[in-house]
Amino acid sequence: MRKLLSVLLAAAFVFSAAGALSACDKQGTSDIQDKVEAAASMTEEELIAEAAKETGNFVAYGNSSRIVDAMDGFVKKYGSQLKLSSSNTSASKQSDTEIFTLLDTEAKSSNKSKNASMVLIQDSASLNLYRTSTDLFCNYIPSSLGDNISEADMVPLAQQYINKLFIWNNVGDDVPTFSNVWELTDPSYDNKIFFKSPNSEQVNMNFLIMLTSDEWSGKLEDAYLALNNNTAASDVGEGKTYKNYGYKWITEFIANCNFTINSDTTMAQNLSKEDNAGNMGLFVLSKLRDDSVLTENLQVAAWNEGSDGKYVKIEPFAGFMYALYAQLATYGPRPYTAMLFINYLMTEEGFGPWKSLGGYSSNSSIPVTEGDSTLSFWRENLVFEDGQYIISVKTEVEDYINGLL
Amino acid sequence: MKNKTENLAEENAPIGKGKKFLNRVKRFFLTPANVILIIYLVILVFMIFYPLFTLIISTFQVSSITETLFGVKYGELTGLWWYRMFASDMSGTYFWTPLLNSLLMSLLASVIAILYGGIVAFFITRTNMKGKKIISAIFVFPYIMPSWTLATFWQNFWQNPSIGTGTGGMLYNLTGLSVPSSWVYGLVPCAIVLGLHYAPFAYILIGGILRNMDANLEEAATILKASRAKIIYRITLPIVLPALVSTFLLVFASSMSSYAVPKYIGGDMTVLTTYMKNFLNNGYYGQGYIMALVMIVLGVAILAANQYITGKRKSFTTVSGKSGQVSYINLHKANYVVATILTILSLFCAVLPLITFALESCCVIPGDYSTLTLEYWISREQVGTGNGLVGILFEKQVWQAFGNSILLAFLCAVIAGSSGVLIGYAVARKRASRVARTVDSLAFLPYLMPSMALGAAFLTMAFTFGLAKSFIVLVLVGSLKYLPFASRSGINAMLQLSGEIEEAAIIVGVPWWKRMLRVIFPIQKSTFISGYLLPFTSCMRELSLFVLLSAGSTTLLATLLDNWSQWWPQSANALNLLIIVTVLVINFAVNKLTGASIDKGVGG
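Read top to bottom, the protein sequences are chains F and P. Note that the first sequence covers residues 1 to 405 in our numbering. Note that the second sequence covers residues 1 to 604 in our numbering.
So that you can see chain F by itself, here it is in the shape it has in the complex (with noise of 0.2 Å):
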């Protein structure tokens, strides 16, 4: 029997070699690059045509479940040129590692004709480090944009940006007050701010990265300075408790946060809720658009109220922004009708899905929803993600914010 076992497995020891060498076995380079060059001098009617002559079905993976509502309206637009219909056009929410590795998965098989086309990415960080190390992604820039996306936005494309702010239920005596972000790592607030845990959600694990960077680290210790008559920390420095000032705030706030609500819509209901008076979140804006949240009972950071721009200015930050990062995908069967699709996202109408309270196009000639503020006013008051930066400290930082939960 121990001869017969040995045999078996040097079988699998041989199937195992067989399976790696297949799976490295791809069907030669791409040429999507060349595709994407020819795409910027061309007409929509030339793309239209261009796609048209594909086949194989379109699939578009995102890390936003509204990419299922702009699919809808691109084939309800575009379905009868291209010959695409609900039966071989499918598009999906999922998280940024599963579409990483679908992506990788797809790119070994054999038959293309299902893969993924294009995708939305959240995390810039590791979209940042796979577009170095692999060529599954492919950057495409619409022509029609011209002056309208900031250059910092064009490689890897934004499509659009997102807000996480620091929101309070503003119901009773006990309403939160502040302007400093380190009154937030006042004891008084042990267990009273909602913040999905960094472990489980990566663009909160990426804010609070961000924090140690020089940048910001030195913001945080201006704000400290100002906030205690200009006396210094005496936990902080080189060799000291905390590296720098982005350690010592992530830290005693960690202490104070409250990880229970594993979800931004659930966090933005409860907050509303009467019985969470003197609660405190710091969650997805957009989330204030649903019906099941009261939001006569919350108050958000850095919330212009009139027509006078008027505002309580946070110091450093009123919470932070990423965004949704728009790709090709380099082993799908549809590359010009991708293009076509991320055309399509970054019009108003196929911004549609997104267009509400807390989403921000990256294309300045769509405006902002009513009653927010625009991009622009954000970008002052909020930690954007550095995708480089992040890479750079990443498994540092991230080991020190696991040990603190």
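I should point out that these hints are in silico values taken from the structure, not numbers from a laboratory. Where hints are given, some of them may not hold.
Stated by the list, open to error - In silico contact screen, one side only, chain F against chain P (beta carbon under 7 Å); selected entries:
#1 GLN81
#2 SER92
#3 GLN94
#4 THR105
#5 LEU129
#6 ARG131
#7 SER133
#8 ILE141
#9 THR265
#10 GLN269
#11 LYS273
#12 ASP275
#13 ASN279
#14 SER364
#15 ASP399
To be verified - Partner residues are not named here, just some residues of chain P that face chain F (Cβ under 8 Å, in silico):
#16 PHE86
#17 MET90
#18 VAL364
#19 PRO569
Virtual Cβ for every residue (Gly too), placed ideally from N, Cα, C.
We have chain F already, so just place chain P on it with the hints.
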């Protein structure tokens, strides 16, 4: 041309060793049972050891681009993951704390399951308590329902404004009573919920023995004027001890691999499964795979202990056949009190969750019953302003996932069930052979592997073959995981069947396949069918096994719920109810079709 003498000489000449061996091989493969055993030996060794092999290799490999951030190259071999888990400064956070929490949670859950299940089993089988049938039927409900059902209900019921979500739950809203946070989130509630979920398991195992116990033993003690307490302590408990040990170990192993319960009400507590999922979600595969491997090793060790302990008590006779008369303990005035308490407890765990899910799926504002609506069920338009979904009965995603779940459950049931029949036949026919014993053990091995860890092992295999997130991997892992149910029922069915029946068919020249279809299968139909149906129902409500493997077009009902619960609570509650009702309907249909029910052996 050879003459007659030469021919005779040739015939009588000694046969060479090679030819002898070939003849033996030929003869061996002429027996269908042998062919089946060899085929399954190869399949099972590959299906079990190959994923394990790739899992072990992957713990030494850089398997994702994200892992290159640690300064290692993609694809290269490294011991870094083992170092980080066991020897680095982070090993406490990443491994030892989750392990300790998992062990404590499982230990406590096992004790609760045994105490609760054992006490109910005792009252049902050994006393004259009223309402046994109804209590018995309701009591096993939580075991049929998905494990997360009780966890979400637990939170909905005990929550209060000073803790957790900061809102009032059912108890608080009705009475104003508040319980401490540690009763709603963390180790204790996880253990209680798992204990309640697995209590029916203890009830079935312990109740089965108590019911069949020889009453003479207790009667003899009564005649000798032993007190009731002494009888329980000196006679009843020692008899049920093997069942207690078995229950303890099996509940312990199942709780160790529980993912949904600690995810919903674990609070800040980290356990192996939730941390493993985090690692894999964030692309840190090597460290996640080490956790999976540790869980498999623990699972095998626990079940090996179970085999060892129960194996030692093999000769313990509980059924003598001498006494059919069971002496019931008269509860006197306590009769109705006990029956009422047990009914309320059973209803609390079985029926109340369903009611709360139904209500919550209809509330626009969670917990506010003045905002009831059916739109989360039947709206053809998008629900609310922030929800991109239509009512779940018209939602494309739901029906796609429903179709996937049904197809997966069907395929797993067919593969596992048919394999169970064939393995049962072959093992029973060749009971004495070493190959049969090996196949028997291999077919039971997947039971010892925690679901999520087995899922992780298959994920590594899927990566090797470029099949990650494909449906075929779900079918393979599901069929393997549920094979133990089917092979056990197959082997038991075949052992009950006398060999003479098949021999009679052989004598009249009936071919093997016809013997199986026309003779063997019809006789043991009901047992075989349960070997098909158990995998089907289990597959429909499985989350841990598939959560790492299903995505996109292969999304299942349970994994869809896992996603939805993060964004759309009302629709998630509706989906949860849909899953529970589907499982209950299938279970009911199974009972009606086969006449089998989970609590049948215990009675009521």
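Which of the numbered hints above does this structure break?
1, 6, 8, 14 and 16
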